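There are 2 protein chains.
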Amino acid sequence: MTTDTWEKFSGRMRELRHLESIAGLLGWDEQTVMPPKAAPGRAAATGTLASIEHERLTSPEYGDLIEGLLQQDLGTERRAMVELAQRARDKAVKLPPELVREMAELASSSQSAWVQARTADDFSIFEPLLQRTLDLKARQAEHLGYKNEPYDAHLDLFERGATAEQLQPMFDAVTAGITPTLDAVLGRDDGTRILPGGPYDASAIMAYCSDLLARMGYDMQAGRLDLSAHPFTSGVGPQDARVTTRVRSDDPKEAILATLHEMGHGLYHLGQREDWVETTIGASVSLGVDESQSRLWENHVGRSLAFWEGEFPKAAAALKPLAAATPQSVFRAVNRVRRSLIRVEADEVTYPLHVAVRFEIERGISNGQLKAADLPAAWNESYERILGIRPPSDADGVLQDVHWSIGYLGYFPTYLIGSVYSAALFDAYTVQAGGPDLVRDQFRAGEFAPLLAWLRSNIHQVGSLKLPAQIIADATGRASDGSIDTGPFVSYIQSKYRDLYDL
Amino acid sequence: MTTDTWEKFSGRMRELRHLESIAGLLGWDEQTVMPPKAAPGRAAATGTLASIEHERLTSPEYGDLIEGLLQQDLGTERRAMVELAQRARDKAVKLPPELVREMAELASSSQSAWVQARTADDFSIFEPLLQRTLDLKARQAEHLGYKNEPYDAHLDLFERGATAEQLQPMFDAVTAGITPTLDAVLGRDDGTRILPGGPYDASAIMAYCSDLLARMGYDMQAGRLDLSAHPFTSGVGPQDARVTTRVRSDDPKEAILATLHEMGHGLYHLGQREDWVETTIGASVSLGVDESQSRLWENHVGRSLAFWEGEFPKAAAALKPLAAATPQSVFRAVNRVRRSLIRVEADEVTYPLHVAVRFEIERGISNGQLKAADLPAAWNESYERILGIRPPSDADGVLQDVHWSIGYLGYFPTYLIGSVYSAALFDAYTVQAGGPDLVRDQFRAGEFAPLLAWLRSNIHQVGSLKLPAQIIADATGRASDGSIDTGPFVSYIQSKYRDLYDL
Numbered sequence: 001m002t003t004d005t006w007e008k009f010s011g012r013m014r015e016l017r018h019l020e021s022i023a024g025l026l027g028w029d030e031q032t033v034m035p036p037k038a039a040p041g042r043a044a045a046t047g048t049l050a051s052i053e054h055e056r057l058t059s060p061e062y063g064d065l066i067e068g069l070l071q072q073d074l075g076t077e078r079r080a081m082v083e084l085a086q087r088a089r090d091k092a093v094k095l096p097p098e099l100v101r102e103m104a105e106l107a108s109s110s111q112s113a114w115v116q117a118r119t120a121d122d123f124s125i126f127e128p129l130l131q132r133t134l135d136l137k138a139r140q141a142e143h144l145g146y147k148n149e150p151y152d153a154h155l156d157l158f159e160r161g162a163t164a165e166q167l168q169p170m171f172d173a174v175t176a177g178i179t180p181t182l183d184a185v186l187g188r189d190d191g192t193r194i195l196p197g198g199p200y201d202a203s204a205i206m207a208y209c210s211d212l213l214a215r216m217g218y219d220m221q222a223g224r225l226d227l228s229a230h231p232f233t234s235g236v237g238p239q240d241a242r243v244t245t246r247v248r249s250d251d252p253k254e255a256i257l258a259t260l261h262e263m264g265h266g267l268y269h270l271g272q273r274e275d276w277v278e279t280t281i282g283a284s285v286s287l288g289v290d291e292s293q294s295r296l297w298e299n300h301v302g303r304s305l306a307f308w309e310g311e312f313p314k315a316a317a318a319l320k321p322l323a324a325a326t327p328q329s330v331f332r333a334v335n336r337v338r339r340s341l342i343r344v345e346a347d348e349v350t351y352p353l354h355v356a357v358r359f360e361i362e363r364g365i366s367n368g369q370l371k372a373a374d375l376p377a378a379w380n381e382s383y384e385r386i387l388g389i390r391p392p393s394d395a396d397g398v399l400q401d402v403h404w405s406i407g408y409l410g411y412f413p414t415y416l417i418g419s420v421y422s423a424a425l426f427d428a429y430t431v432q433a434g435g436p437d438l439v440r441d442q443f444r445a446g447e448f449a450p451l452l453a454w455l456r457s458n459i460h461q462v463g464s465l466k467l468p469a470q471i472i473a474d475a476t477g478r479a480s481d482g483s484i485d486t487g488p489f490v491s492y493i494q495s496k497y498r499d500l501y502d503l
Numbered sequence: 001m002t003t004d005t006w007e008k009f010s011g012r013m014r015e016l017r018h019l020e021s022i023a024g025l026l027g028w029d030e031q032t033v034m035p036p037k038a039a040p041g042r043a044a045a046t047g048t049l050a051s052i053e054h055e056r057l058t059s060p061e062y063g064d065l066i067e068g069l070l071q072q073d074l075g076t077e078r079r080a081m082v083e084l085a086q087r088a089r090d091k092a093v094k095l096p097p098e099l100v101r102e103m104a105e106l107a108s109s110s111q112s113a114w115v116q117a118r119t120a121d122d123f124s125i126f127e128p129l130l131q132r133t134l135d136l137k138a139r140q141a142e143h144l145g146y147k148n149e150p151y152d153a154h155l156d157l158f159e160r161g162a163t164a165e166q167l168q169p170m171f172d173a174v175t176a177g178i179t180p181t182l183d184a185v186l187g188r189d190d191g192t193r194i195l196p197g198g199p200y201d202a203s204a205i206m207a208y209c210s211d212l213l214a215r216m217g218y219d220m221q222a223g224r225l226d227l228s229a230h231p232f233t234s235g236v237g238p239q240d241a242r243v244t245t246r247v248r249s250d251d252p253k254e255a256i257l258a259t260l261h262e263m264g265h266g267l268y269h270l271g272q273r274e275d276w277v278e279t280t281i282g283a284s285v286s287l288g289v290d291e292s293q294s295r296l297w298e299n300h301v302g303r304s305l306a307f308w309e310g311e312f313p314k315a316a317a318a319l320k321p322l323a324a325a326t327p328q329s330v331f332r333a334v335n336r337v338r339r340s341l342i343r344v345e346a347d348e349v350t351y352p353l354h355v356a357v358r359f360e361i362e363r364g365i366s367n368g369q370l371k372a373a374d375l376p377a378a379w380n381e382s383y384e385r386i387l388g389i390r391p392p393s394d395a396d397g398v399l400q401d402v403h404w405s406i407g408y409l410g411y412f413p414t415y416l417i418g419s420v421y422s423a424a425l426f427d428a429y430t431v432q433a434g435g436p437d438l439v440r441d442q443f444r445a446g447e448f449a450p451l452l453a454w455l456r457s458n459i460h461q462v463g464s465l466k467l468p469a470q471i472i473a474d475a476t477g478r479a480s481d482g483s484i485d486t487g488p489f490v491s492y493i494q495s496k497y498r499d500l501y502d503l
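Residue numbers (our numbering), protein chains in the order written: chain A, 1 to 503; chain B, 1 to 503.
For the record, the hints were derived by calculation from the structure and aren't laboratory data.
Values in this document were obtained by computation on a predicted structure and should not be read as measured data.
The C-beta atom is built at its ideal place from N, Cα and C for all residues, glycine as well.
A few of these clues could be false.
[Said to hold, decoys possible] Below 20 Å or equal to it, Euclidean Cα-Cα: the simulated EDC-like pairs (lysine to aspartate or glutamate) are:
hint, chain 1, residue 1, chain 2, residue 2
1, B, K37, A, D219
2, B, K37, A, D275
3, B, K37, A, E274
4, A, K253, A, D226
5, B, K37, A, D211
6, A, K37, B, E274
7, A, K94, A, D121
8, A, K8, B, E20
9, B, K8, B, E61
10, B, K8, A, E274
11, B, K8, A, E55
12, B, K8, B, E98
13, A, K466, A, D275
14, B, K496, B, D481
15, A, K8, B, E55
16, A, K37, B, D275
17, B, K8, A, E98
18, B, K320, B, E165
19, B, K94, B, E55
20, A, K37, B, D211
21, A, K37, B, E20
22, B, K8, A, D226
23, A, K466, A, D90
[Stated by the list, open to error] Here are a few chain B residues that sit away from chain A, every Cβ distance over 10 Å (derived from the structure):
hint, residue
24, R14
25, P40
26, L49
27, D183
28, Q221
29, G223
30, D251
31, R332
32, Q442
33, A445
34, A479
35, S483
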């Protein structure tokens, strides 16, 4: 390999990372500070950027560079860089440019139809555009190819190598493992309010969350906290990871947990190896692993008693009405289990069931059993069967999530993968840190640097050098056969809620 | 011409406008909300975007499209679109890609050296990078070509068709016209504080400025107001023009005048014809005309007594300490004339002299008479001769402006062009509105819609369909010989300050 060839390839990788970074900024801006009337112009500019990225990914010169390099002796890191470049290029090459453009344009118009439909609680507004989206997604799957069934093509876009056949046992095992806990817990909760109802000052909540981020080890010189309708994290570029949260005047829990959740994503982004950030491997390896980071900080830290024992005095000082609570009552409030309609507001125990509904429906859509028109009924039936609750309206049912409107079919399962991985990672960290008592001591003392350091070296700094399952296997010290071990997650749920509800 | 050819050309124009819009967002973000550590990554991404734009501008296919279309009968609008595309392409083609990249990279590193040098008041930190910049600019001028002297190449980048030979008489006439006024005024001012010294609440100033924008007719659904170190406006895209200001706790004047100034730029951007926004002609025609819009709102509105007679009660209610002032005292304060060191803080009378210093020095640099090392002495000599004041330090002298560090040589003269044009435009509006008394009645009543409507149809909606001087000539009802008539500006200064200082 000539130095020149590698330089050329590096330049192309760098350029693609820059385009990704720019797209990230466009997205962040759109969801936080962009003036509303700018939306159509922004959609058009975003489309242009996507076309340019597609054009560069698919250029024959880039293909030749990749093919040439794969013949060479590159060493592990460089080989991984080239292979990931090849993976992204292969997917792009398989898609006709017209389909890429059509999907991008539809994602923009369909999203506003979804907002309208949800606001009006009228699925019929969204249905025709959703059907068009599903048709395009079906074409996309055929172009991309798949292992066993079309759904696998969609899954692989978000979780490298995932298949429905591999995920079905994960859903089954988790559902079977948590259902007894759920049934037992639901009989113990009388539903009365636990935390003071406020009103909480919105700017005080934001200031507290910002302070919390900094104390947890988030570098606020390389990030920001903003408000948005739906909390999200945008890795805008190297040393630039922006998190958002939302606030309610009657309940500060949601803002705090969302902040910790998004912080997990942001820490992962900021923790990438500096010498890799302009390469394909200096990035989140999959959405499942990314979600393992957010779930770990949200649930294993933010929903722990030890965290609240340490944090409560600061939270109560910043958020006045909370002073009437106690660390124990906050702990109970953030872990309260309910059959609820809305996924993003669900507790740890029912959350997997919300995801299971979507997995089942997405598989049915992808494999041709469900059309857009069938979805409201299928959704309600599925919620009743799996969660024991029937949505009274489509707005609180099939219309609640943005994902399908923007063409994200196959994304939902990564939420459960993340939860499952997070429990395995937290177990491994606990062992390495000397056991649960010592970890609790750390949390009570507000010492999160050891946890962050462990995640940095075991997850963040590995980037995308290995496959997701291998990274988790290495971090947890288990052999990887590519399957997802649900044991740690199920044990975590069973034991935590047994203690909490005194089962 | 086949429809297909025009469609292709439109697509390329649209794409270039989108890239421009994206670059605008990167710049806005960098100067307002970007986390500080993100700077190096952002510089790299910005460089990539600039390279992509250059590559697309210079592509042979684009050139063939333009050449082909210019042979056709296109009609006025389409011909103007193609000619402007050709102008941009010609400039790009003349520059070697290495020079474009080198200038972009140097602009990034040189800017931080400038900040350091200014903070440390040590020109030597900046000098080597400035000399490199000037060397690159000299090469750029040779590549671009020029009418009479290298400086013309630089001027034309900012003000289409401007030459030093044409601008010299403007500077001479303005300097000669205002110097007697300046000399007379300076004897009349005793220098005591006019407005209450505060402290003014920063968030109250921002809220007031935001409210002011909305009341002046700025569509806040298509724009924002933010804080930044140096006030600026970013036309991020169609229906997205963001203005910034800065606040001082001891003086609300600066924030208000900067808001009105930037609002003028933003209104020009938002006022472009909707069917042109994705073409080359749906944009600001030149920096001089752009500056005529900002100066008009800042000076002819914001520095008028009638405006303050109407606005004062609202300002005093929002900015508590100001209640001790009067409309007349605010009017005197915003029009106070002083020999000062800093251009951006200068009054209307001395402002042209600050610009004249830079014009003289830039001409000397461009034509090879001045090197970077000569600039501090040349600057101080020029300030003493032209403004009668000698900077005690380089930080308040040659290091005060960001322009040269980012490669903007030839930009400064557009500030005076803008002031001169704004006076001519305001005269024309006054005649059309029925005379000065009626205009004052409008301002006192807070009625700015008629002025905005006149600017919309005479300036904004003309876009870049004509040359800058022609647009001003048409708007003011005068024949255009391409020269810049300084008469209205000089008369405005002479008569306003005669009345104000009772000369």
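Results for each hint:
Note on K37 (chain B) and D219 (chain A): the hinted pairing holds, with a Cα-Cα distance of about 9 Å set against a maximum of 20 Å. With a CA separation close to 16 Å, the supplied pair K37 (chain B) and D275 (chain A) stays within the 20 Å bound. With a C-alpha separation of about 13 Å, the suggested pair K37 (chain B) and E274 (chain A) falls inside the 20 Å cut-off, and the hint holds. Simply put, K253 (chain A) and D226 (chain A) have alpha-carbon atoms about 17 Å apart, close enough for the 20 Å limit, and the pair holds.
The straight-line distance between the Cα atoms of K37 (chain B) and D211 (chain A) is roughly 19 Å, inside the 20 Å bound, and the hint therefore holds. Distance hint between K37 (chain A) and E274 (chain B) is fulfilled; the C-alpha atoms sit about 13 Å from each other, no more than 20 Å. With a C-alpha separation of about 38 Å, the suggested pairing of K94 (chain A) with D121 (chain A) is violated against the 20 Å cut-off. Restraint check: the Cα-Cα separation between K8 (chain A) and E20 (chain B) comes to about 26 Å, which exceeds 20 Å; the hinted pair is violated.
Taking the CA atoms of K8 (chain B) and E61 (chain B), the gap is near 10 Å; set against the 20 Å cutoff, the hint holds. At most 20 Å may separate the alpha-carbon atoms for a hinted pair to count; K8 (chain B) and E274 (chain A) exceed this at roughly 41 Å. Our distance criterion of 20 Å between C-alpha atoms is met by K8 (chain B) and E55 (chain A), whose separation comes to about 17 Å. Taking the CA atoms of K8 (chain B) and E98 (chain B), the gap is about 28 Å. The hint is violated against a cut of 20 Å.
Proposed proximity of K466 (chain A) and D275 (chain A) is supported: the alpha carbons are some 17 Å apart, at most 20 Å. Simply put, K496 (chain B) and D481 (chain B) have alpha-carbon atoms about 28 Å apart, too far for the 20 Å limit, and the pair is violated. About 17 Å separates the Cα atoms of K8 (chain A) and E55 (chain B), which keeps this hinted pair within 20 Å; it holds. Taking the CA atoms of K37 (chain A) and D275 (chain B), the gap is about 16 Å. The hint holds against a cut of 20 Å.
Restraint check for K8 (chain B) and E98 (chain A): the C-alpha separation of about 15 Å stays at or below 20 Å, so the hint holds. Straight-line distance between C-alpha atoms of K320 (chain B) and E165 (chain B) comes to about 50 Å, which puts the hinted pair past the 20 Å bound. Using a Cα cut-off of 20 Å, the hinted pair K94 (chain B) and E55 (chain B) holds, with the two alpha carbons roughly 12 Å apart. Annotation: proposed proximity of K37 (chain A) to D211 (chain B) holds, straight-line Cα distance about 19 Å (limit 20 Å).
For the suggested pair K37 (chain A) and E20 (chain B), the alpha carbons sit about 18 Å apart, so the restraint of at most 20 Å is met. Note on K8 (chain B) and D226 (chain A): the hinted pairing is violated, with a Cα-Cα distance of about 40 Å set against a maximum of 20 Å. Simply put, K466 (chain A) and D90 (chain A) have alpha-carbon atoms about 19 Å apart, close enough for the 20 Å limit, and the pair holds. Non-interface call for R14 (chain B) relative to chain A: violated, since the shortest CB-CB distance, roughly 7 Å, does not exceed 10 Å.
For P40 (chain B), the non-interface assignment is contradicted: its Cβ lies about 8 Å from the closest Cβ of chain A, within the 10 Å cut-off. At roughly 6 Å, the least C-beta separation between L49 (chain B) and chain A is not larger than 10 Å, which violates its mark as non-interface. The claim that D183 (chain B) is not at the interface with chain A holds, since no C-beta of that chain comes within 10 Å of its own (minimum 47 Å). With a least CB separation of 5 Å from chain A, Q221 (chain B) falls inside the 10 Å interface cut-off, contrary to its annotation.
Interface exclusion of G223 (chain B) from chain A breaks down, the closest Cβ pair being 6 Å apart, not more than 10 Å. With a minimum CB-CB distance of about 26 Å to chain A, D251 (chain B) clears the 10 Å threshold, and the non-interface call stands. With a least CB separation of 36 Å from chain A, R332 (chain B) remains clear of the 10 Å interface cut-off, as annotated. A cut-off of 10 Å between C-beta atoms confirms that Q442 (chain B) is not in contact with chain A; the least separation is 27 Å.
Consistency note on A445 (chain B): stated as away from chain A, and its beta-carbon is indeed over 10 Å from all of that chain's, at 28 Å minimum. The claim that A479 (chain B) lies off the interface holds: its Cβ sits roughly 38 Å from the closest Cβ of chain A, which is beyond the 10 Å cut-off. Under the 10 Å C-beta cut-off, the non-interface status given to S483 (chain B) relative to chain A holds; the minimum distance is some 37 Å.
When held up to the earlier numbered hints, the structure conflicts with 7, 8, 10, 12, 14, 18, 22, 24, 25, 26, 28, 29 and fits the remainder.
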